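Kindly generate the complete structure, drawing on both the sequences and the hints.
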Amino acid sequence: MMLSLFENFLALLLGTSPAELSKRRALQKVKRAIRVSRHRRFYKIRKQELNPAAAKFFFALYRGLSLAQVSWRGASSSPLFRDAVIRHFVEPGVLARLECLAGEAREAVDRQVNARDAARNAREQFKALTQGIDKRIASEINGCYRQAIAFEHLAAFDYYLLLRKFGSPLQEHVTTAEPAFRPAKGSAVCGDLKDFLYVSIGIEPKQDWETIFTVFKEWKSGDVMRLDQWYRLLQQLQDANHSAIFELIIREIERDPDWTIKPPREGEPALNVWIETRRKELEATLDQLVRTQWNNQVGRLARQIFGEAPVQGLSYYTQEAGAPFAGRGLPGFIHAEGLNYLAAFMDIFEREIRELCEFLIIRAIWSVMPRSFSDQCIFLAELKQNVAEFDAALKPDGARGFKLYQAFARIGRDRMMLRSVGDNLRIINDEARNFLIQGSQTLAAIQKNIEDAKKDYTQQPPLLILNWEALEQASPLPLAAWLNTVSEKLTPFTAMMNILVEDSTAASNRESPASP
Numbered sequence: 001m002m003l004s005l006f007e008n009f010l011a012l013l014l015g016t017s018p019a020e021l022s023k024r025r026a027l028q029k030v031k032r033a034i035r036v037s038r039h040r041r042f043y044k045i046r047k048q049e050l051n052p053a054a055a056k057f058f059f060a061l062y063r064g065l066s067l068a069q070v071s072w073r074g075a076s077s078s079p080l081f082r083d084a085v086i087r088h089f090v091e092p093g094v095l096a097r098l099e100c101l102a103g104e105a106r107e108a109v110d111r112q113v114n115a116r117d118a119a120r121n122a123r124e125q126f127k128a129l130t131q132g133i134d135k136r137i138a139s140e141i142n143g144c145y146r147q148a149i150a151f152e153h154l155a156a157f158d159y160y161l162l163l164r165k166f167g168s169p170l171q172e173h174v175t176t177a178e179p180a181f182r183p184a185k186g187s188a189v190c191g192d193l194k195d196f197l198y199v200s201i202g203i204e205p206k207q208d209w210e211t212i213f214t215v216f217k218e219w220k221s222g223d224v225m226r227l228d229q230w231y232r233l234l235q236q237l238q239d240a241n242h243s244a245i246f247e248l249i250i251r252e253i254e255r256d257p258d259w260t261i262k263p264p265r266e267g268e269p270a271l272n273v274w275i276e277t278r279r280k281e282l283e284a285t286l287d288q289l290v291r292t293q294w295n296n297q298v299g300r301l302a303r304q305i306f307g308e309a310p311v312q313g314l315s316y317y318t319q320e321a322g323a324p325f326a327g328r329g330l331p332g333f334i335h336a337e338g339l340n341y342l343a344a345f346m347d348i349f350e351r352e353i354r355e356l357c358e359f360l361i362i363r364a365i366w367s368v369m370p371r372s373f374s375d376q377c378i379f380l381a382e383l384k385q386n387v388a389e390f391d392a393a394l395k396p397d398g399a400r401g402f403k404l405y406q407a408f409a410r411i412g413r414d415r416m417m418l419r420s421v422g423d424n425l426r427i428i429n430d431e432a433r434n435f436l437i438q439g440s441q442t443l444a445a446i447q448k449n450i451e452d453a454k455k456d457y458t459q460q461p462p463l464l465i466l467n468w469e470a471l472e473q474a475s476p477l478p479l480a481a482w483l484n485t486v487s488e489k490l491t492p493f494t495a496m497m498n499i500l501v502e503d504s505t506a507a508s509n510r511e512s513p514a515s516p
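The sequence shown: position 293 = 293 (my numbering), numbered continuously.
Wrong hints could be hidden among the right ones.
No farther apart than 16 Å at their CA atoms in a straight line, the calculated lysine to aspartate or glutamate pairs in the EDC-like style are these [to be verified]:
#: 1; residue 1: Lys31; residue 2: Asp195
#: 2; residue 1: Lys44; residue 2: Glu352
#: 3; residue 1: Lys127; residue 2: Glu281
#: 4; residue 1: Lys165; residue 2: Glu247
#: 5; residue 1: Lys56; residue 2: Glu178
#: 6; residue 1: Lys206; residue 2: Asp228
#: 7; residue 1: Lys384; residue 2: Asp414
#: 8; residue 1: Lys29; residue 2: Asp258
#: 9; residue 1: Lys262; residue 2: Asp195
#: 10; residue 1: Lys185; residue 2: Glu254
#: 11; residue 1: Lys206; residue 2: Asp256
#: 12; residue 1: Lys454; residue 2: Glu502
#: 13; residue 1: Lys395; residue 2: Glu320
#: 14; residue 1: Lys448; residue 2: Glu488
#: 15; residue 1: Lys262; residue 2: Glu247
#: 16; residue 1: Lys23; residue 2: Glu254
#: 17; residue 1: Lys454; residue 2: Glu431
#: 18; residue 1: Lys127; residue 2: Glu99
#: 19; residue 1: Lys384; residue 2: Asp423
#: 20; residue 1: Lys206; residue 2: Asp239
#: 21; residue 1: Lys44; residue 2: Glu350
#: 22; residue 1: Lys194; residue 2: Asp158
#: 23; residue 1: Lys489; residue 2: Glu320
#: 24; residue 1: Lys31; residue 2: Glu49
#: 25; residue 1: Lys489; residue 2: Glu281
#: 26; residue 1: Lys165; residue 2: Asp195
Computed Cβ-Cβ distance ranges for the label pairs, DEER-style [said to hold, decoys possible]:
#: 27; residue 1: Lys217; residue 2: Arg300; range: 48 to 56 Å
#: 28; residue 1: Ala326; residue 2: Thr505; range: 49 to 57 Å
#: 29; residue 1: Pro263; residue 2: Asn121; range: 16 to 24 Å
If you are wondering where the hints come from, they were derived from the structure by calculation, not from laboratory data.
If you're wondering where the values come from, they're calculated on a predicted model, not measured in any experiment.
Where is the CB? At the ideal position from N, CA and C, for every residue including glycine.
Next comes the structure, spelled out in C-alpha cells:
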C-alpha cells in the first residue's frame, strides 16, 4: 500500500502516469539484463543497434545450415518423410500386417465371404494393430517428427536477408569466408529477430538428433551435415535462447518490456496423422469391396424381379436429384436406390400379389389364422400412399421441395443455409429409411405367410389351412402355380430388401456424425 502511494506521488512529481512509470522501470530492468548477459556484445543499447557479433552468430548458422536448407526442404509437407519416421520406429511385422489387410479382405470377398464381414474383420485388425503401438514408441515418433520439422524451419530461415542488413556485400549461398559486418539498426532487423525466435524456439537440444539425422538419410540419400557440426551450432543456439538475449533486444527496441515470443502451435501428432491416413486408405478399399458386392447382389436380384428395364418407382427422391447436395459436401438422398425399388415393388404387389393374399385371408379356413396377415396387406397399401406423397412433396415446387431447393440456392450467399439444408436432408433421409425398414419388415412377414401356405398345400394332412379342395375350386388360377409364382416374386425381393436395409443402416451411420 505504501509503495503504491509512493509510486503515485513520484509519478505526479514527474508528470507521468503510474503505468508509464512502471513501464520505464521494467525497461530499465531489460537494459540491465542485456548489459550483464554473456551475449551483451550483440547489442548496443545507446544506439539501438545490433553489433557485428550478432551478425557473426547468424552467419555461423547460415553457413552450417546451408546444405540442410536445400536438402530438408519439403520434409514438413512430404508424406514420404512422415512414413520414413514411422518405419524407423514401428516393428516391421506390424507394418507388414497393416499393409496386408486390404489385400486379405479382397481375397476373402473373392472366396465369396460377405464383404461387410470381411471389412469388419479388417477394421478390427487395423484397430488392434494401431492401438498396440507402444506409448513410448509413439512418443519417440512424435518427438522425432516434430524436431525434424523444427530443424527444417530453422534451416529455411532467411539468414541471407537478415545478414544483408548488416551492410555486408554478402553473396547468397557463398559462405567460404566470413565477410566484414557493420552494425545494423535495431528497427530494421527487429522483425527478422521475431521470425528467428519463432523458428528456433521449437528446437529441443536434448532430442535424439542422431536418430533424426538417421531417419533423414533413410528418406533421402546423402548427408545433410555432419552431426558434430550440428551439435556445435546447437550449443550456440541453446546458449542464445537460454539467455533470452534476442527477446530482451526486441523488448528494448520496441519499448515493450512485456513482449514475449509465442511458441508455434503444435500440429496433430505425426503418428495420429499417419494412422488416420492409413485408415482412410483402407476404408476406401473396403467401401469399394462392399459397394461392388452390393451392386452385384442387388443388381442380380433386381434383374430377377424387375427384368432388364430401368426401375422407376420414384420421381423426385432419386440419386440424380440428390447429387447436387452431395456435391456440396451435404448428405444427398442416400436411401434413394432402396426406396425406389420398394416403391416399384409395391406396384407389383398391388397387381400380382395382393389378390392371392386377400383370397387366402377371406376364403381359407385357418387352423390358426396369422394374427396380422390382413393388417400387413392394409399397412402396405397405406405405406405405398405415404411413399408416393413423400416423393411428390419433394418436387421443386412441392410442399417440402420448394423450401429445400430455395434454401440450397442461397448457400453461396448465406453460409447459415448450409446447416439448415443439411439438417433438412437428414430429416428427409430418416423418413426414407423408416419407409424402407417398414416395407422390408411387412413384405418379409407376408412372404412368410405365403411360404407357410405353400408348404402346407403339399402336406398331408394339411395343418394350417383346412379347406384346400374348396380353395382349388374357387381359385381363378391353378393354386399350386399361383403360390409358386407369388413366392418367386417375394423371395428374391425380401432378400434384396435385407441387403438394402443393411446398406441404409451403414449409410446413416456414415452420415449422422457429419455436421456441415
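*Given the hinted pair lysine 384 and aspartate 423, is their alpha-carbon gap at most 16 Å?*
Not satisfied, since the Cα-Cα distance of roughly 25 Å exceeds 16 Å.
*16 Å Cα cutoff - pair lysine 206, aspartate 256*: Status violated; Cα separation ~32 Å.
*Restraint status (C-alpha distance of lysine 262 to aspartate 195 at most 16 Å)*: Cα-Cα ~11 Å, so holds.
*Given the hinted pair lysine 194 and aspartate 158, is their alpha-carbon gap at most 16 Å?*
It holds: about 12 Å lies between the C-alpha atoms, which stays within 16 Å.
*Under the criterion that the straight-line Cα-Cα distance not exceed 16 Å, is the pair lysine 44, glutamate 352 satisfied?*
99 Å, violated
*Under the criterion that the straight-line Cα-Cα distance not exceed 16 Å, is the pair lysine 454, glutamate 502 satisfied?*
Outside the cut-off at roughly 28 Å; violated.
_lysine 23 paired with glutamate 254 [C-alpha distance capped at 16 Å]_ = 12 Å, holds
*asked:* Need the status of pair lysine 56, glutamate 178: alpha-carbon distance at most 16 Å?
replied: 8 Å, holds
*asked:* So if I understand the rule, the pair passes when the alpha-carbon distance is 16 Å or less; does lysine 489 with glutamate 320 pass?
replied: 28 Å, violated
_Run the distance test for lysine 454 versus glutamate 431: straight-line Cα separation, threshold 16 Å._
Given that 16 Å is the threshold and the Cα spacing comes to 34 Å, the pair is violated.
*May I ask you to test the hint 16 to 24 Å on the CB atoms belonging to proline 263 and asparagine 121?*
Between proline 263 and asparagine 121, where Cβ atoms are some 43 Å apart, the hint is violated.
*Regarding the pair lysine 206 and aspartate 239, is the alpha-carbon distance no greater than 16 Å?*
13 Å, holds
When the structure is compared with the earlier hints, violations turn up for hints 1, 2, 4, 7, 11, 12, 17, 19, 21, 23, 25, 28 and 29 and for no others.
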